[in-house]
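Novice: Letter by letter, the chains look like this.
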Amino acid sequence: MAALDEELPAVSGASSRGRTWRTAAPYLLLLAVALALPLFANDYWAVIASRAAVYWICVAGLNLAVGFGGQLAVGWLALLTIGAYAASILVGRAGMDPFLTFLPVAAIGVVGGALIGATALRLSLFYFAMLTLGFSTIVTQIALAWQSLTGGGIGLPGPAMPAPFNTPWGFYLFCLPLGALCVWMTLNVAASRFGRALLAIRDAEVAAEASGIRKPAVIVTVFAFAGLTATVSGQLFATLQSYITPDAFTFDLTVLLFVAILIGGRGSVLGPLLGTILLTLLPEVASPLVMWAPFLYAFLLLVIVLAVPGGIAELIDFKNRKPLKSGRLILPVPERLPALLDAARSDAAIGVSGLSVSFGAVRAVVDLDLTVPAGQVTGLIGPNGSGKTTTLNAISGYYVPAGGWVAVGGHRLAPGVSSSRAAAGIARTFQTPRLVGEASVIDNAMIGGSTAGRASFVETLLALPRHGREEAHLRARALAALDAVGLADLAEARCDRLQHSEQRFLEIARALMMRPRFLLLDEPAAGLAVGEILRLGALIKELRRLGVGVLLVEHHADLVLDVCDQVNVLNFGRLLAGGTPDAIRQSEEVRSAYLGA
Amino acid sequence: MLGAIVASGLAMGAVYALVGIAYNVMFNASRAMSFTAGTVGMMGGVLGALFIGRFGLPVPLGLAATLAACGLFGVVTEIVAVRPVLKSLDQHLYVLSTLALALMATQFTAIEWSTEPQPFPRLLGGVGGVLDEKFWLPLAACAATIAGLEYLHHYTLVGRAFLAIAEDNYAARALGLPERNLRIAAFALASAIGGLAGFAAGELLLAYFANAQLLAFYGFVPVALGGIGNNRGTIVAGLLLGLLQQAANFIVGGVFASVAVFVVFAAVILIAPQGLLGGQRARRV
Amino acid sequence: MQPTRRSVVLSSAAALAAGAAGLRPSFAAAEPFKIGWPVTLTGPGSAPGLSFDLGVRYAVDRLNAKGGAGGHRIELVTRDTQGDPTKAVNIVQELISSEKVSAIFGPTNSGEALAITPIMARFGVPNVHAGTIDSLIDPVKYPNAFRIAPAGKQWDAALRHYVLAVRKWKKVGILGDTTGYGTTAVSDSVAGFKKDGGEVVYSATIDQTQADVTPQLLSMRKAGAEAIVVWSVSSGLEARIMNTRAQLGWDSPILGHPTMGSNDVRKLLDKPSNFDKVYVVGFRSCTRDASGKLPARTQAFIDEVRGKMDLKRAILFLVLIGVDGIDLLAKAVAETGSTSRKAIIDYLNTVKDFPGLFGTYSFSPTDHDGYQTTEVVMCAADSLKDGALAQAPGYD
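Residue numbers (our numbering), protein chains in the order written: chain A, 3 to 599; chain B, 478 to 762; chain C, 169 to 564.
Next comes chain A alone, as it looks inside the complex:
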C-alpha cells in the first residue's frame, strides 16, 4: 500500500485546494448573507429566514434519499410532523429541557426513517411514493384523533426555547448553525462512497450491485439520517410556529419539501439548498401570486423534469458548459495497470458448471460448462440471442439459474446475489454502459472502489480523519485508473458529456477500481473506432499478463481472435464449439453458424 501511494500521482495540493475553494464559494456567500441578515432586516425576515433554515434541515437529509438515491419519498412531512409532536409533548407535557429533547426526537427520526427506508427496498418507486403520501395523511389523522396526547384539533404549544433563543433573531441564530451543519454534513456524504453509491443506485443500479454496493445497508442508513433531520426540523418547526395543530402540516408543505429537491437538482446539495430558499421566499415576495403558489410549484416541477432534469444545479454549473476538447483520442497507458491490481497472483478460476437459465418457456442457456482461468482471456461468441450476455448475467448474479452453478476457485457463489461478486474478485462492464450521467468521470470511476471503504456513515458525516484518508487514497487510485484507460484529462467532466467509446473505457476504469481478479467485458468494442479497438486489445493483453482472468463477450471477430487464449461459441444457449482462436477459425460449424464467412 505504501509503495502504491508513492507510485500514484498524488492529487496536487494546489489544484485540490483550488477546487475546494471553488466548491465552497457559493456556500460561503450564502453564509455571509445569512450572517449579515440581522444587521439590516427586521424580525419578519428573521422568521422567514428561520423558516428557510428549518425547512432546509428537513430537505438536507431527504435530499440524500431523493436527490441522490432516487427514492421518491413524497410524504416526508410525516416525519417532520412526528418530530414536531414528539418535541411538543416531551417539553410541554413531560417538562423536558428543550435542548435535551433533541436527543429522543432525533432517535425517533432515526428509527422511523430506517423503517420507511426498509419499505423502500421492497417497493417499486410509484408504490413507495404512494405509500409515503398515504402515510403522511395518516399521521395527520392520528394527530387529530389521539386527543389525549396531541390535543387533537386544539393542538399543543411548541417547545419554547430559553433566552437568548426566544426572540425571532435569537431563534434564527440557533437554526442557522444547524442548517449550515446540515450543508456541511450532506456535502461530506455527497463526496463519499455513500454519496456515490446512492447515485449509482439511482441511475445505474445493476452497476452498483456489480461494484459490490449493498443497497439495503446504504438505503436504510441514508433514510435513517433523513429521518433524523426531519424530526429535528420538526422540533424547530414547532418552536417557530409556537403552537402546532394538525392543519399546520399542509399538503402544500409536503409538496414544497419534495419539489425543492427536484427544482434544485438531483444529485446536488447547493441546488436543493437554493430551491428551499427560493420556495420559502417566493410566496413572501410575490404575494399576489400566493394562491397560485402550489400551482407554480407543480408547474416548475414539470418544467424541470422535462427540460432541465438537473434543476438549478445544472443551470449554475458553469464549469460543465465549457466545450470539451474536440477530436480527443483515448490513449490508454497499460503500464499504469500493475499499480492498480493486487500484486499477489492467484490461480483460481471461475468455473461454470451445468448452467441453465430460463425465462418462462424460453431456455436462454442450457447446461453450459465454462472455465475462466486466471491470466487468460476467454472469449464467448455467438449470434444474437445465443445466450452470451445471459451467461455473463448469471455469473454476475443477476439471474438465478434454473440449474448448475458458478464457482470461484471451487467455492460456489450464491446464486442471484449480484452484490456478492465484487468480493469474489469479479468485475464487469455492460453492453450498454451503466454510468451516472450527472456525476463526474472520476466519481463514476470511484463507484468501483465502494467496497474498499471502511469509514462508517457517521465518520463520513463528520468528515473524521479515516474518511478523509480513504477518500484521498481512492481519488488517487481513480485518477490512476483513468490514466490507465486514457481518460485522465476528462476526470472532472460530467460523464454524460463523454462519447460512447469513452464511456466504455470509463466502465473498464470503474471495474479496475475493484482490484479485480476477473473481468467480464460485455461487447467492449461495440461502437469503437478501429484504433480504439487496437488499444483496447493492448489493454486486455496487459491485464492478462498481470494475471487477471478476462471473459470477453464480443462480436468483433478480429479482436476476439487477436486477444483470446480460448474461444467458446454459443448457439441457442448451448456450447457449439470451444478451442484456440486458430481452431475456431478453422471450424466449419462455427463459420456457418456465426462467422458467416
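Heads up, some of the hints might be wrong.
[Unchecked claim] Derived CB-CB ranges, DEER-like:
id, chain 1, residue 1, chain 2, residue 2, range
1, A, L151, C, G365, 23 to 31 Å
2, A, L151, C, R474, 48 to 56 Å
3, C, D457, B, I623, 56 to 64 Å
4, A, L151, C, T542, 33 to 41 Å
5, C, R465, A, L41, 46 to 54 Å
6, A, A409, B, V729, 53 to 61 Å
7, C, K435, B, G480, 23 to 31 Å
Hints in this document: simulated from the structure, not taken from any laboratory. Glycine is no exception: its CB is placed at the ideal position from the N, C-alpha and C atoms.
Once you have looked at the hints, place chains B and C on chain A.
Specialist: Then chains B and C, alone, in the frame of chain A:
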C-alpha cells in the same frame, strides 16, 4: 343498515375500481403509472356539474362532453407528462411529471371552480334509499366499462393491439404496431374511464377539487392489491375496498377507518408487492 | 358563477386602493392608524373570512369617510392566510415588524389563531378577534388579546340549553367532521351533554369526503336519538347529513354550527324541505324575533348597506363582528388620541358596554371575553332573509 353499507360500499368500490382501471390501461400501454388517474376522476364530477348543472346541457350531451374533455386531458397527459420521459423509463421520471400535472389540474380547479364542494345534478331522478341512482350509477358505469373493454379486447383490432402491447411492448413494436398512437389512444381511453367514474359518482362525491387526491390514492389501492395491469384483480379489490371502507366508517368511525384502510394497503404491498392476484414484473438487465 | 378566489382578492385590493387614493388629502396631518387584518380569503374554509372581510372593509370605509379614528386615517393591511398556520405566522410577523401595524383584527381560523396569538402577545400588539377556542383568551398569558364573539363553549351551552331545557329532548346523537375543529367540538359537546344530564346515544366523527352517511344516521336512529347535533364547517358533510335524513324519512331535528344555515349548504340540498327542523347557533343581534323583526341597530345596518353589500352570500353575524372589531379599535384610538400599541391595550381594558352591532362588549383587566352568553340563541335554518335567521321555535 347492512343494505346501506353494502349499497354505498359497492358504489364507492366501483368508483375506486374504475379509477384503478384507468391506472391499469395507462400502465399497460406505457409501463408508466400516472397520478392523473385521480385527477380525471375529480374532473368527471366537476365537468359534469359544469356542463349539466351550470350550462344546462341535457344529460347525454353533458356526459359526452365530460368524457371528451377527460379524454382530451388524457391525450395532453401522454404528450406532456409521459412521452418525454419514457425514454428513460428506469429513472421513473413519470412519477414526477404526472404528479406535477395532476397537482396543476387540481389547483387550477380549486382556484377557478371552487374550493367548496358544489352540487352535482340529479341525472334520472326517481327512488331514493338503497336503490337510489347515486348508488347504482357507479356500478352501472363499472359494468359498462368492463363490457366495453371486453368487447374492445376481443372483437376489435385496436383492442388486440392493446393486449399485445400490454403483454410485451418491445415485441409489439417489433411487430410494427404503431406504439405511439396506441399509447395516445390508451391514455385518452383511460382518462375517459376515470372521467366516467367521477361523473357516475358525482352525486355521491359532489363536484369537489379535493376528490382528485382522494381518488388518486383510493383508486391506486385496488391496483396494488389486485396486481398492476390486472383489471379483473382491480375490480374485485376495488369493490372489496369500498365495502371494507364503508364498514370501517360505520364500525370504527372516521379517522380509524382511514387508518384501517391504510394499514391493509401497506401490509399487502409489503407482503406481496406484486399484488394478491398477480401482476407483471419487469426485467432489469 | 361563484366568486372565484381571484376575483375576490382583486376586488378587495381594488376597493382598498380606491378608498386610500380618494381620501388621502384630508389626513395629511396625523400618521395613519394601521390595522393588520390576517384573514382566510381563499382556500377551503374561506367562507367565514369572506363574510368578516365585508364588514371590516365596510367599517374602515365608513370611518375614514367620517374623518378616521380621531383624525388618524385608518389603513387596513389585509393579508390572505389561506387557512394555513405557517403562512399565518409569516404574515403576522410581517404585519408586526414590517408593516408596523398598531393593532390586529383576526385571524379567522382557529389553527391560525392558536399559532399567532403567542406571537402577538410577545410583541404586545393589541388583538381583537372572534376565535371560538377557549384557550385563546387568557389575560395573564395574552394581556393583549380581546374577544368580541362567543367562545365555543358558549355555543355549546346555548345549543344544550335549547335541546335539554327548551325542547326537553333527552337523547342526542353527536356528529362532527374529522378536522381539528370537528374532533374537538364533538368531544367537548359529548362531555357537556353528559354533564347536563343529557344522554348521548351515539357520537362519531365523519371524514368530509365520506360519500355516504347513511350508516351513521341509521345507527343513530336505532339508538333512539331525538336530536342530531352536528359540529362541522364542511358544507358537503352538512348537506349529506340533511339529505340522508330526508331519504331515511326521519324527522329528528338537526342542530349545530352556524354554517349549516349558509347558502353553500342550501344549494347542495336535494330539496329545500331538507332544511326543515334544522336549527343552527345564532345570536340575538342578528335573529328575527317572534314578530319577524330584527333588532333596530341591525335593521338599520342592513338598510344602509342594501345594494352596496351582497348579504345573500354572506353570514350576517360575521359581517357584524367585522364591523364591531374595527369600530372598537378605532374607538380606542379616537379616545386615547394615540396609535401606540400600549395605549390601545390600556383603553380596551377599560371598555364598558361598548354598543356594537353584533353585541355589547365589556372588558376588564381580568376578563377579556367581551360577549354575553345569553345572547346566543338557536335559529331555524330555513328562515334566511337578508342574511338573518329567525329564532327557533320553543323559546318563550
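Novice: Are the hints correct? Go through all of them and say.
Specialist: Structure-based check of all given hints:
no. : hint                        : verdict
1   : A/L151 - C/G365: 23 to 31 Å : holds (30 Å)
2   : A/L151 - C/R474: 48 to 56 Å : holds (51 Å)
3   : C/D457 - B/I623: 56 to 64 Å : holds (60 Å)
4   : A/L151 - C/T542: 33 to 41 Å : holds (36 Å)
5   : C/R465 - A/L41: 46 to 54 Å  : holds (53 Å)
6   : A/A409 - B/V729: 53 to 61 Å : holds (56 Å)
7   : C/K435 - B/G480: 23 to 31 Å : holds (29 Å)
Every hint, counting from the list given before, is met by this structure.
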